[in-house]
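Below, each chain spelled out in residue letters.
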Amino acid sequence: MSSSNEINDKQQDMVSLIGSDNVKHAISRENAMLSSTLKSIASGKFADNKDSIELPSISGPVIEKVIEYMNFKGKLLREGREGEDTEETAEKFENFNIPTELSLDVLLAADYLNI
Amino acid sequence: MISFKKGKIKVPEKIQPTSASIDESWLVLRNVFDKVFSDNTQDISFEKTYRVVYDVVRFKQEAELYNRIKEYLVQRFESLRTDTFSKGSTITHSNWEFLEKLDKVWKSTNIHLECIRDLTLYLERTFCERNRTPGIVETGLEIFNTCLLLPLKDTVNKEYVNGINDLRDTRTYDNPHTEVLERLGSMMLTILSGEDSFFVVFVQNYLLEESMKYYSGLSDSLSLKSIEGFQKVEELIEFETKLDETFLTSDAATKIIKCINKVLIWGNYENIVEPLLKNALDTFNGEYLKKLYYLTTERKYRLKLRSVIQDMINRNVSAIELDESEKKKSIMGSKWTSSIIIMFNKYNKLLQGLSFEVESNNDNETKISIANDRLGGLQQSNDTDGNDNVEDVSQGTISAAGLLNETFSNFFKQNSKHSAQYLSFYLDSCLKNTLEKTEINDSKNCIIDCVNLVRLLPDKDEFTIIYKNQLTKRLLQQQSSLKVEKFACKRINEETGSFWTHKLGTMLRDISRSEYLAQNFSVSQQQKSIGDLSSKDTLEFIPDILTVTSWPFQDIDDIVVEDLILPPQLETLKLDFEKFYNKKYNERTLKWVHSLGSIQIGFQFEKTYHDLIMPFYSALVFLLFENHDELTIDMILEMTNIPEQELYRQLLSLIMSSKSRILKKSPVSKTISKTDKFSINYSFTASTQKVKVQTIVGTTSSRRNENNNINNVLERERINATNAAIVRVLKRRTTLSHTELLERVTEEVKPIFTLQSLVFKKSLGFLITKEYVQRDPENSNLYHYIS
Chain A
1 MSSSNEINDK QQDMVSLIGS DNVKHAISRE NAMLSSTLKS IASGKFADNK DSIELPSISG
61 PVIEKVIEYM NFKGKLLREG REGEDTEETA EKFENFNIPT ELSLDVLLAA DYLNI
Chain B
116 MISFKKGKIK VPEKIQPTSA SIDESWLVLR NVFDKVFSDN TQDISFEKTY RVVYDVVRFK
176 QEAELYNRIK EYLVQRFESL RTDTFSKGST ITHSNWEFLE KLDKVWKSTN IHLECIRDLT
236 LYLERTFCER NRTPGIVETG LEIFNTCLLL PLKDTVNKEY VNGINDLRDT RTYDNPHTEV
296 LERLGSMMLT ILSGEDSFFV VFVQNYLLEE SMKYYSGLSD SLSLKSIEGF QKVEELIEFE
356 TKLDETFLTS DAATKIIKCI NKVLIWGNYE NIVEPLLKNA LDTFNGEYLK KLYYLTTERK
416 YRLKLRSVIQ DMINRNVSAI ELDESEKKKS IMGSKWTSSI IIMFNKYNKL LQGLSFEVES
476 NNDNETKISI ANDRLGGLQQ SNDTDGNDNV EDVSQGTISA AGLLNETFSN FFKQNSKHSA
536 QYLSFYLDSC LKNTLEKTEI NDSKNCIIDC VNLVRLLPDK DEFTIIYKNQ LTKRLLQQQS
596 SLKVEKFACK RINEETGSFW THKLGTMLRD ISRSEYLAQN FSVSQQQKSI GDLSSKDTLE
656 FIPDILTVTS WPFQDIDDIV VEDLILPPQL ETLKLDFEKF YNKKYNERTL KWVHSLGSIQ
716 IGFQFEKTYH DLIMPFYSAL VFLLFENHDE LTIDMILEMT NIPEQELYRQ LLSLIMSSKS
776 RILKKSPVSK TISKTDKFSI NYSFTASTQK VKVQTIVGTT SSRRNENNNI NNVLERERIN
836 ATNAAIVRVL KRRTTLSHTE LLERVTEEVK PIFTLQSLVF KKSLGFLITK EYVQRDPENS
896 NLYHYIS
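Same order as they appear, the protein sequences are chains A and B.
Per our numbering, the first sequence starts with residue 1, numbered consecutively.
Per our numbering, the second sequence starts with residue 116, numbered consecutively.
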């Protein structure tokens, strides 16, 4: 999840999210579209830059966590297993750690982004 | 081991809202919305707007925000209406200006509303879902409806229909205008007005009404005629279907097609339907009939179609004329029947697969002439539509075969005087063909076809009696194949019920049993002749043992002539057979009915040798000439004991008949007197070896006699059946009034014959005198059953 500007610029299907810390965090466009908020922003209809999305209300670490989650969910979705209530998926979700001190922030961000 | 390292939940730092008060936020948002409506979305920062909404919601101002958005939209759409449509431009010169404008407004409105929805998504997600209020787009569309569409609805209607009519005029369904109509159609379906879509509530009926007007105008100008007219209508319908399916709901489309059908086809009943049906029924070409049938979906028209078809079939069948040029009634009758069978089969094929609504009491409304509701109110037609569906379920339909049966049954009722007789003649002639093996299959088919019709006869008993008489003749004179007779009998049995036909079965059984007996008898005769070498040339003897009750002979004692004197050879044969028969069935008495038999005699005339097949009495007379050259009538009488009347008839036949004049008399004259002398006419010759010696059936009086006989038998049997029916009905009910009794009994005997009041009266009188039934002493209209 380390930010790498070169990669961002080169690869078209990457979007970068900029949190309150002004650092770019890269995520594939496909995974970003899981959030309806991000989708609208990146639709290009509006003034917002559709490649680097500024989210001043969310701090850097939270954004990182959010991206991690979206990648995780996106992967599950692509595997077509999302929503499957199997032990395997449940285990995977268990393995997805959210640091306790970040939990409330992540929750708020998730609400904001409508993930 | 998972280590639980409990960290503290860090309370996030308060992010300061960009604008804490709703008024400030609203200013921002309104600005944004204005930009949306002026298509300047590129100037909007989504993230910022979204955050504004987010903050408003976080500060619990969402209800206020929602209402403000609503107010804003109301203003928007109202000004949109006044700006775009109300500048006196409602009356447009070009048909399409208004529609195109509306289409444009609709398109952009959709985009705008979606945009606003996206921007305020957080509001919709939290507030609308929680409070179950409609989302921004739905709310927006509702406001669009009330503020923009509803005030314009008359114009919308008018222009929309004009647009459609314009397409109808140009006969194109594939141009940009259609797309406009399509989009507007979907708009009207999307927007709800109350329970249903705007289209259903406001536009549909108007559209139907106008379509009807349009097409009735068209029908006047086209002056549709006959089949070409129908083809034109078909084209129109095809076009309309294609047109409609591009932008109308299937429901509305079917309704419009119905309209066309009503206006163009049934509105032009005399010009289209009548000639079309007539053509179809005359030429037996079902193509257009089927098309018309499938186009006709409304119940009342289907009923009409049905009755017209019935009338026409009836007319066509009635047009089959009796071929008066035929001298023989039987040939005439069977010709008539065969043409009716041909008709029946053709119609059956023609109408196959169609089914027709059954008429019921509820259908009085159908009697309203069709012309009246050509432009009838739509409300009314909608009502009847509703009824139709209900009725269809409850009443069902009859198949085409049922329709045909009904029609032909009625037809036979109209022709009840001779239809039973003629059908029987037809069967008779069919069955007589069955001696040739090659004809058997054809005959079987004819029989099947004909019995199909027998089923429809109103008076089946009459048919049975006539058929029985003919069957008797055929069986005793071996004119038909027994196998086919059995087949026919079985078919008749299946169609008319066993009560009336079981005697036919017995008759056939008698004959087959007789064949079996004859075989046994000839075997025993041969055994006997082995011992007695003197009688080398035994006679071939075919006995027919008939059960008296099953055969249609009036009075057995009338035709049994006990003291007939037989030639010695026959006499021994007779005695032998009696002995043989009594050995087998000693309980039964055997009576000889010579008059029904026939004898075949080989005789060498001067020029040729002939096998003479002659009636029994004639043969007796002929055999006398073995020992005598000349005889007078008294001598013959003395030697044979043939009843005098009968003898005269036989002798007359033998000397008069043109084809088989085997006796001559002197002096030659046309009458027979006591002094006349008879002798064999040796100069007789014929082209075939077998000669059938015919008895002159006699004068017209005897034929009338035969008819009378049939009628007498018929009446007797009917009275019997009526007796039984009355007793059956009264036994159940004990007491009934005259009319009730008559009704029930009529119903009871209906499958077999139509009850005439005379028969009923006779039967009732009989039962009263026999004290099965009692008339009520106080009320002469009441009858009691006496058990």
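If you're looking for bench data, these hints aren't it; they were derived computationally from the structure.
We put the beta carbon where it would ideally sit given N, CA and C, even for glycine.
Heads up, a few of these hints could be off.
Derived DSS-like pairs: lysine-lysine, alpha-carbon spacing no greater than 27 angstroms straight-line [stated by the list, open to error]:
| hint | chain 1 | residue 1 | chain 2 | residue 2 |
| --- | --- | --- | --- | --- |
| 1 | A | LYS45 | B | LYS219 |
| 2 | B | LYS846 | B | LYS805 |
| 3 | B | LYS163 | A | LYS39 |
Restraint-style ranges between C-beta atoms, simulated for each label pair [as the list claims (entries may be wrong)]:
| hint | chain 1 | residue 1 | chain 2 | residue 2 | range |
| --- | --- | --- | --- | --- | --- |
| 4 | A | ARG29 | B | ASP158 | 22 to 30 angstroms |
| 5 | A | GLU79 | B | THR197 | 51 to 59 angstroms |
| 6 | A | GLU101 | B | THR305 | 44 to 52 angstroms |
| 7 | B | VAL143 | A | GLU79 | 36 to 44 angstroms |
Some chain A residues flagged as far from chain B (calculated, every beta-carbon gap over 10 angstroms) [to be verified]:
| hint | residue |
| --- | --- |
| 8 | ASP13 |
| 9 | VAL23 |
| 10 | LYS24 |
| 11 | ALA26 |
| 12 | LEU76 |
### Query
Can you give the numbers of the hints that this structure goes against, from lowest to highest?
Violated: hint 2 alone.
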